[in-house]
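**Q** Okay, here's what each chain looks like letter by letter:
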Amino acid sequence: MSVGVKVKIWGDYALFSRPELRAERYSYDVITPSAARGILEAIYWHPGMRWQIDRIHALKPICFTSIRRNEVKSRIPREDPLTAYNGGKGESLFLNTKSDIVQRSSIILKDVAYGIEAHFEMTEKASPGDNPGKFKDIMSRRLRKGECYHQPYLGCREFPAFFCPWDEGEEHRGGESRDLGLMLYDMDYSNPEDIRPTFFRAKMENGVIDLRNCEVLR
Amino acid sequence: MSEPIKNRYEFVLFFDVENGNPNGDPDAGNLPRIDPESGYGLVTDVCLKRKIRNYVETVKEDQEGFGIYIKENVPLNVSDKRALSYIGQKPEGSKDLKKSDPDADKKILEFMCRNFYDIRSFGAVMTTFVKEHLNCGQVRGPVQLCFARSVDPIVSQEVTITRVAITTEKDAEKKGTEMGRKNIVPYALYRAEGFISANLARKTTGFSEEDLELFWEALINMFENDHSAARGKMSTRRLIVFKHSTELGDCPAYKLFETVHAEKLPEVQFPRKYSDYKIEIRKDASIPDSVEFIEKI
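As you go down the protein sequences, you meet chains H and W in turn. Residue 173 in numbering that gives the first Met the number 0 sits at position 174 of the first sequence, with consecutive numbering throughout. Residue 65 in numbering that gives the first Met the number 0 sits at position 66 of the second sequence, with consecutive numbering throughout.
Check before you lean on any hint, since a few could be wrong.
Unchecked claim - Below, in silico cross-link-like pairs of lysine to aspartate or glutamate (EDC-like), each with a Cα-Cα straight-line distance of 16 Å or less:
#1 Lys7(H) / Asp185(H)
#2 Lys144(H) / Glu246(W)
#3 Lys109(H) / Glu36(W)
What the hints assert, rightly or not - From the structure, some residues in chain H lie toward chain W, with a derived Cβ separation under 10 Å:
#4 Gly3
#5 Ser139
#6 Arg143
Since the hints were derived computationally from the structure, they do not count as laboratory data. Here the structure is a predicted model, which is why all the values come from computation and not from measurement. Don't be surprised by glycine CBs; every beta carbon is placed ideally from N, CA and C.
I would like the entire structure built from these sequences, with the hints used as guidance.
**A** Laid out in structure tokens, this is it:
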């Protein structure tokens with residue numbers, strides 16, 4: 000049994016990192032299904048349900064900008080454990096010296112808005128008292144009242160996503176069709192020891208990416 | 000330590016700069032950050048977080064429970080290893096730790112959150128642990144900040160300065176003074192927005208009422224101890240907090256943010272001081288009464 004929802008999300012900036020360009024981050028052209036799922040989960044999630052994204056509507060033109068920031072270098076080489084035990088003057092992480100920060104640029108999306116069509120499926124972790132109607136009601140109420148577990152974000156936490164229920168007829172941009180190439184679909188968590196990415200060939204037609212029957216590549 | 004917070008919050012913060020550079024852009028030779036299309040000034044979230052950390056560090060001076068994880072001059076792994084020693088395990092054996100103590104990652108997480116104010120509020124990525132198959136790698140904190148943007152487009156001005164002290168002797172033979180550059184914004188009022196999730200506070204990091212008070216205090220005073228030649232005069236001008244009556248919130252965040260309007264006065268052409276602006280809160284009927292508007296300053 001599956002139940003659908005329609006959500007509009009928007010924000011000033013977004014960054015859906017391409018996994019192949021991660022050091023200097025470069026955003027995909029549109030939101031990935033996994034980021035959209037993350038947004039829905041930030042609003043409402045329960046172990047007894049699994050969100051599945053059906054369609055993504057891009058409601059605004061794709062527009063990039065760039066930002067360069069001082070960031071902590073990815074991983075600090077392992078210190079001799081003994082030095083670490085005894086040598087600690089305080090309990091801190093190294094950030095400010097030249098050797099451990101790097102300047103990284105990110106190419107980010109500007110002024111985005113999406114209509115997300117999704118549904119959820121029940122999982123075996125649902126307790127006997129759970130049913131799709133209950134989950135659906137909770138989700139609808141949260142969308143209406145703006146309630147959320149934490150404020151959802153567009154790829155990175157500094158780019159918050161605002162959300163409300165979406166009526167498809169309203170402000171659909173339509174028009175643009177392009178092949179967006181291979182895009183991240185989601186991470187495959189079925190084996191927790193070996194989490195793998197999955198991809199799909201994203202085609203936007205009239206501003207809509209249809210994920211309902213897409214082939215997921217591993 | 001007091002209880003984790005029980006309410007969702009949003010906040011709008013206004014701060015201004017006078018003849019200074021609030022946040023340099025490394026891409027543009029340290030010019031003030033600017034949105035190239037619209038000309039609005041930007042200050043990144045991480046820039047503000049750094050100042051909050053610095054403030055807390057200054058005020059609390061590493062008091063128990065108020066350590067700052069991300070600061071200068073101590074290597075990263077020190078703290079991670081301390082967490083391991085806290086749960087009674089030599090770091091060498093931590094690969095098998097998960098087998099002997101299934102709750103080890105929870106304990107480490109708890110330890111880190113209890114000791115470090117910035118992890119409690121902003122979260123942290125603890126990569127070392129992931130490598131050792133302990134899954135407390137990513138901690139999301141309840142406080143989420145976004146980029147601050149100026150209320151009006153900014154103009155950045157280059158000021159050329161001279162100095163009489165020459166660095167090298169060789170140069171000193173050739174010339175008497177050296178030229179330098181400073182980039183300043185004559186005046187700008189910036190607006191930053193943020194979110195605080197009570198759920199993440201309760202379920203993950205234990206961000207408490209006491210921490211929240213310290214956070215507001217840090218937002219109000221973060222520029223007071225951050226004066227430097229580059230910054231000019233910066234100060235927090237207004238802090239408007241929206242307190243929801245529940246953990247999940249009563250109202251969408253964007254509606255609350257839309258109630259706060261900042262505008263320069265109609266007769267002002269070039270804003271140069273805070274009093275050239277008017278900040279108003281316009282509550283409309285769609286905002287439920289259960290959301291409390293608190294004006295911290």
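**Q** Please go over all the hints and tell whether each is borne out by the structure.
**A** Results for each hint:
At most 16 Å may separate the alpha-carbon atoms for a hinted pair to count; Lys7(H) and Asp185(H) exceed this at roughly 20 Å. With a CA separation close to 13 Å, the supplied pair Lys144(H) and Glu246(W) stays within the 16 Å bound. Proximity of Lys109(H) to Glu36(W) is assessed by CA-CA distance (about 10 Å); at most 16 Å being required, the pair is judged to hold. The closest approach between the C-beta of Gly3(H) and any C-beta of chain W is roughly 21 Å, which is over the 10 Å cut-off, so the hint fails.
The criterion of a C-beta within 10 Å of any C-beta in chain W is not met by Ser139(H), whose closest approach is roughly 14 Å, and the hint is violated. Evaluation of the Arg143(H) hint against chain W yields a held restraint, the C-beta minimum of about 9 Å falling below 10 Å.
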